[in-house]
Amino acid sequence: MLNKSKTSTPLEKLVDSHENQAVDQHFNFAYLDERTKRMIRRAILKAVAIPGYQVPFGSREMPLPYGWGTGGIQVTASVIGPSDVLKVIDQGSDDTVNAVNIRRFFQRTTNVEITTQTQAATLIQTRHRIPEMALTEDQIIIYQVPVPEPMQRLEPRERETRSLHGLAEYGLMHVKLYEDIARYGHIATTYDYPVLVNHRYVMAPSPIPKFDNPKMHMNPALQLFGAGREKRIYAVPPYTAVESLGFEDYPFEIQRWDAPCELCGSRDSFLDEVITNDQGGRIFVCSDSDYCESQQNDAESSSGSTTPSGLKHD
Amino acid sequence: MYVAVKGGEQAILSSYQLLDQQRRGDPSVPELSIVQIRQQMKLAVDRVMTEGSVFDPELAALAIKQACGDLVEAIFLLRAYRATLPRLGSTQPLDTSKMVLDRRISATFKDLPGGQVLGPTYDYTQRLLDFSLLAMSEPSSTIDDPNLRAQREDENFSPRVIDLLNREGLIETHQATQNDPTPFDLTRQPVRFPADRSTRLQNLARGDEGFLLAMAYSTQRGYANSHPFVGEIRLGSVEIALIPEELGFAISIGDIEITECQMINQFAGSKTEPPQFTRGYGLAFGHSERKAMAMSLVDRALRAAELGELVQSPAQMPEFVLSHSDSLEASGFVQHLKLPHYVDFQSELELVRKMRASPLQTPTLNDESGDEHAE
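Protein sequences, first through last, are from chains D and R.
Residue numbering for the first sequence is 1 to 314, as defined by our numbering.
Residue numbering for the second sequence is 1001 to 1375, as defined by our numbering.
Think of the hints as simulated: they come from the structure by calculation, not from any bench.
Just so it is clear, the structure is predicted and the values come from calculations on it, not from any experiment.
All C-beta atoms in this analysis are idealised placements derived from N, C-alpha and C, irrespective of residue type, glycine included.
Incorrect hints may have been included.
Derived Cβ-Cβ restraints for the label pairs, each shown as a range [as the list claims (entries may be wrong)]:
id: 1; chain 1: R; residue 1: K1098; chain 2: D; residue 2: L167; range: 49 to 55 Å
id: 2; chain 1: D; residue 1: R38; chain 2: R; residue 2: K1098; range: 56 to 62 Å
id: 3; chain 1: R; residue 1: F1345; chain 2: D; residue 2: R42; range: 35 to 41 Å
id: 4; chain 1: R; residue 1: S1015; chain 2: D; residue 2: N277; range: 25 to 31 Å
id: 5; chain 1: D; residue 1: F29; chain 2: R; residue 2: Q1126; range: 55 to 61 Å
These stretches of chain D come out as covered by chain R in the derived footprint (C-beta under 8 Å, 3 or more residues) [to be verified]:
id: 6; region: 41-54
id: 7; region: 58-68
id: 8; region: 85-96
id: 9; region: 144-158
id: 10; region: 181-189
id: 11; region: 233-246
Far from chain D, by Cβ distances over 10 Å, these chain R residues were calculated [claimed, not checked]:
id: 12; residue: K1098
id: 13; residue: T1108
id: 14; residue: Y1223
id: 15; residue: I1251
id: 16; residue: I1253
id: 17; residue: A1304
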């Protein structure tokens, strides 16, 4: 079932010769040298020990640009082993160009097994989504983080935000949410919605839609976050409380769609809006392409029933 | 019927080919060699080495060729290469007073020991397009004056202007740190704030020339007035020495070409310090005067807090300058906006629709009835 690509298309062969495969032999397994991996693993261990705390680390210049997943790549490179099965998604999909590029990078430098199936993966590197399928204790999900500091837009000086975290002084963030309510009648943050981890640190969940926030709470999988450009690593260990900020009278709530997914009929997944013509026509489809596919397959195999058998995630 | 977008991999592979074609241009035109770039685009090579933090003209030239002349991309290539190199040791501090000079100017003294040496510079060229270069002409004559070379090779000939001022006690001095501790290496550890001066200088040395130039310029236009004078700019080669552990004494491992700028700034004095001149420092690989000068101005501006000056301009704020100077970080993050943001955008789309439908909507959003929203 795994999409491990051992056979190359003619174009790939051409590109491989272009890139000079011998180059791959010049690099260590997963590109980073072992000392660097050890440094990163130490940062990860510290991050796991202090859930939600941003651990500074000596982020390296990777062969992919800062802002394009270098933090996630460095975390993945330091935890990946030859027996791992890797899935890389961007916006929920395995086939978006940046996910393809990162997957190719790890194929070239590790030759590990690759999958698009959430449940088959041991490591999932993601940008902007958490898979719809529930994760397990045997999995690690690695988030690419552009801005690790949840208060950066409110207070750009790192010296200040660091002491606010130290004092657990999160008034700034609550005032921001309150001002949203005063101005718009509801909280106007839809992605990268701040969370309180283990009742202690306010953390940026990375720009996942707030729809995904509840999946972080008490998740059996280890959740690692890498911010390469900002040189920070943080973590949510398995079964850790992750609470999305809110107020008693204006509690946190997630997005809902009136339409089901056009392709699989799911009403439980995050839907992307797709414009189909220039007359304002649009449909909604699952952002998680693997989930959508498996829903479609399930529907076909269960005697044409169109009722999705999707997991509930609240 | 909508079909989920597929084919990202194919698209990437094809884009490699197109990129190769673009880089090569018309195949009937001879291909550029690395030697040609190295020899004839020296200043580009120097900038890539400086901001790429690797002194290797050949690899810098290769990066320029591979990047199709995009210097920021070339710097990225060199940095990514550098990231995996092992650290073999730290060299001894450079002694720039022992440089073999190709150029040396001071704007503070008309004449001084060692003299002013104009050297190769665009400074006094008249910026008229030289159409003879269109015809691939060679320079009409070359200078080969044995006296000049003799001067250049007399090592103790040109003391640094700073050292001359120092004898009068008119300029601040910096005591060398005891035991020469291994400096903080910002390529191995993340910068934390407050950052000490050596860390700041490392950051500035790797910083984007355009960014530093603009920051330096802002200090001349009232955003942190630092009253600068060029004490000295020197260009030349300097010896690199290393003490291998097994030998215990310094051995020379070669020469590198550098540009050094010592900027001298007024300082009115404070409760503890008498009025004197203060310094800003710039250093770059190869011939990179604009970079070295900009760096020295920004270095001085960043010392505002240390010297008890009011910190109110961007160039004086270490977090502002150091967090935004790196072209890799800036270029990567600005350009990451090209990546898909379907999910975030979808969330924002929902939000804007919700806001427009909401009774609490603000007057600025209230331009028409809510019949456009999707529900």
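Here is how each hint holds up against the structure:
1. The hinted window of 49 to 55 Å between R:K1098 and D:L167 holds, with their beta carbons roughly 52 Å apart.
2. Distance hint check for D:R38 and R:K1098: the Cβ-Cβ separation is about 40 Å, which falls outside the suggested range of 56 to 62 Å.
3. Checked against the hint of 35 to 41 Å, the C-beta distance between R:F1345 and D:R42 comes to roughly 37 Å, which is consistent with it.
4. The hinted window of 25 to 31 Å between R:S1015 and D:N277 holds, with their beta carbons roughly 28 Å apart.
5. Between D:F29 and R:Q1126 the CB atoms are about 58 Å apart, so this pair conforms to the stated range of 55 to 61 Å.
6. Three residues within the 8 Å Cβ limit are the bar, and the region 41-54 of chain D against chain R gives 0, so the coverage statement is violated.
7. For the region 58-68 of chain D, the stated coverage by chain R is satisfied: 10 residues place a CB nearer than 8 Å to a CB of that chain, which reaches the threshold of 3.
8. For the region 85-96 of chain D, the stated coverage by chain R holds: 6 residues have a C-beta nearer than 8 Å to a C-beta of that chain, and at least 3 were required.
9. As drawn, the region 144-158 of chain D meets chain R at 4 residues by the rule of a beta-carbon pair under 8 Å; at three or more, the given contact holds.
10. Here's how the region 181-189 of chain D fares: 5 of its residues keep a CB closer than 8 Å to some CB of chain R, so the rule of at least three is met and the hint holds.
11. A count of 0 residues in the region 233-246 of chain D with a Cβ less than 8 Å from any Cβ of chain R is obtained; the coverage claim is therefore unmet, three being the minimum.
12. Distance check on R:K1098: its Cβ is at least 33 Å (rounded) from any Cβ of chain D, clearing the 10 Å threshold; non-interface status holds.
13. Every Cβ of chain D is farther than 10 Å from the Cβ of R:T1108; the closest lies at roughly 36 Å, confirming the non-interface assignment.
14. Its beta-carbon lying about 18 Å from the closest one in chain D, R:Y1223 satisfies the requirement of being farther than 10 Å from that chain.
15. Look at R:I1251: its CB is around 26 Å from the nearest CB on chain D, clear of 10 Å, so calling it non-interface holds up.
16. For R:I1253, the shortest C-beta to C-beta distance to chain D comes to about 23 Å, beyond the 10 Å cut-off, and the non-interface label holds.
17. With a minimum CB-CB distance of about 16 Å to chain D, R:A1304 clears the 10 Å threshold, and the non-interface call stands.
Of the hints listed earlier, those the structure fails to meet are numbers 2, 6 and 11, in rising order.
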